[in-house]
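Residue numbers (this note's numbering), protein chains in the order written: chain A, 410 to 523; chain B, 129 to 245.
Hints were generated in silico from the structure; no laboratory data involved.
Treat the hints loosely; a few may be bogus.
Below 25 angstroms or equal to it, Euclidean Cα-Cα: the simulated DSS-like pairs (lysine-lysine) are [what the hints assert, rightly or not]:
{"id": "1", "chain 1": "A", "residue 1": "Lys510", "chain 2": "A", "residue 2": "Lys465"}
{"id": "2", "chain 1": "A", "residue 1": "Lys465", "chain 2": "A", "residue 2": "Lys479"}
{"id": "3", "chain 1": "B", "residue 1": "Lys135", "chain 2": "B", "residue 2": "Lys193"}
{"id": "4", "chain 1": "A", "residue 1": "Lys510", "chain 2": "B", "residue 2": "Lys193"}
{"id": "5", "chain 1": "A", "residue 1": "Lys510", "chain 2": "A", "residue 2": "Lys479"}
{"id": "6", "chain 1": "A", "residue 1": "Lys510", "chain 2": "B", "residue 2": "Lys135"}
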Amino acid sequence: TQLLEQSPQFLSIQEGENLTVYCNSSSVFSSLQWYRQEPGEGPVLLVTVVTGGEVKKLKRLTFQFGDARKDSSLHITAAQPGDTGLYLCAGARAGGTSYGKLTFGQGTILTVHP
Amino acid sequence: SAVISQKPSRDICQRGTSLTIQCQVDSQVTMMFWYRQQPGQSLTLIATANQGSEATYESGFVIDKFPISRPNLTFSTLTVSNMSPEDSSIYLCSVEDLFRGVTRTQYFGPGTRLTVL
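Looking at chain B on its own, in the form it has when it is part of the complex (with noise of 0.2 angstroms):
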């Protein structure tokens, strides 16, 4: 399965501010996701990274926002822009790889803790 790091792994940073997370992988992947979450609770789709387009966005979320860059296939960065308290969250990215070399499944990066004082 693809190996996922994420930068930074957590941030304090002051409201207003924005903080960009980096996803990176060893191999090259075709789809890759950014989902947020709070501590102890489930997994939020934010969007889906397209490579050489624009990030598809669920409902609730907006790029002026979370802005989404996909350069190529094994990396993603994901911007949290005027963060507020709100955005105090565990940012997570996923990728599809093959699950025993046959189904399609994803997998998850470490998580970047981020609070927002």
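In isolation and in its complexed conformation, chain A is listed as follows (with noise of 0.2 angstroms):
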């Protein structure tokens, strides 16, 4: 069983702050999402990152695939109460019969608060 260990569960800070939301596993992944949520909605896409040690940026938000793809970060600079919401980091398994399903974090709740 492919395990993704997602942290911190909770995070609570003032607007203006930084942060990083992290997930690693001991397997290896074909691609990483990130996905942000918010009440009552489901799940809306951040990013797909496939490439080790690949960095992609939206905006104020920075996102990192580990050398070896087992791990990934988050991070968001200068977060706004607009940021907040639960945050849940996916893997994709490989191929044969686990082929395009997805293993997902614990998820992080933030509150960016004004």
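Hey, can you piece these two chains together into the complex? The hints should help.
Structure (structure tokens):
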């Protein structure tokens, strides 16, 4: 079973602060997705990273995929109240019968106070 | 990316009854999945909905409890059978599509919030 350990589980910060969320595994993933989910809605895809060592930026969000494709991080610069939500990382399993299936981390509930 | 809708968006049901959730996609997709999510928690994969054949269930989920249909490449249903309060959860369907036209990834529907009394 491939597991993704996501940390921290809860994060409460003030507007303007920076934060980092981590996802770690002992397994290799073919790709890794980051989602953001607000109450009453489905997860919304933020980014997909595929290549080991890849770094992608989405405005104030920076996503990194580890060189060995076992871990990933999400860094938010100058957080805003609109960033509040549940952040989920999900690793895509490799081939065979597991192809296409996602393993999700436990999620990080982020609250940004004005 | 694919646009996904689910019906109903929420429901309150009595124990022992069954509820069928529908998932509609605006384009043909090969892979469709069903997930369960407790409020504020992460997602657990229930099964892969296969077009033209029986769904593939994950450990801990069985066809008798969660029958799934996939009659074509744009539609699937998940039934939660003989419900108990422990089935209260958010049920989500997802589809595999291309991210920025290149990378396979999954997109999610808005979810169905189920409460069983």
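Okay, the hints, checked on the actual structure:
At most 25 angstroms may separate the alpha-carbon atoms for a hinted pair to count; Lys510 (chain A) and Lys465 (chain A) meet this at roughly 23 angstroms. For the hint pairing Lys465 (chain A) with Lys479 (chain A), the CA-to-CA distance comes to about 17 angstroms; that is within 25 angstroms, so the pair holds. Our distance criterion of 25 angstroms between C-alpha atoms is met by Lys135 (chain B) and Lys193 (chain B), whose separation comes to about 19 angstroms. The hinted pair formed by Lys510 (chain A) and Lys193 (chain B) meets the criterion: a straight-line CA distance of about 21 angstroms does not exceed 25 angstroms.
Among the hinted pairs, Lys510 (chain A) with Lys479 (chain A) is consistent with the structure: their alpha-carbon atoms are about 16 angstroms apart, no more than 25 angstroms. Taking the CA atoms of Lys510 (chain A) and Lys135 (chain B), the gap is near 23 angstroms; set against the 25 angstroms cutoff, the hint holds.
The structure agrees with every numbered hint stated previously.
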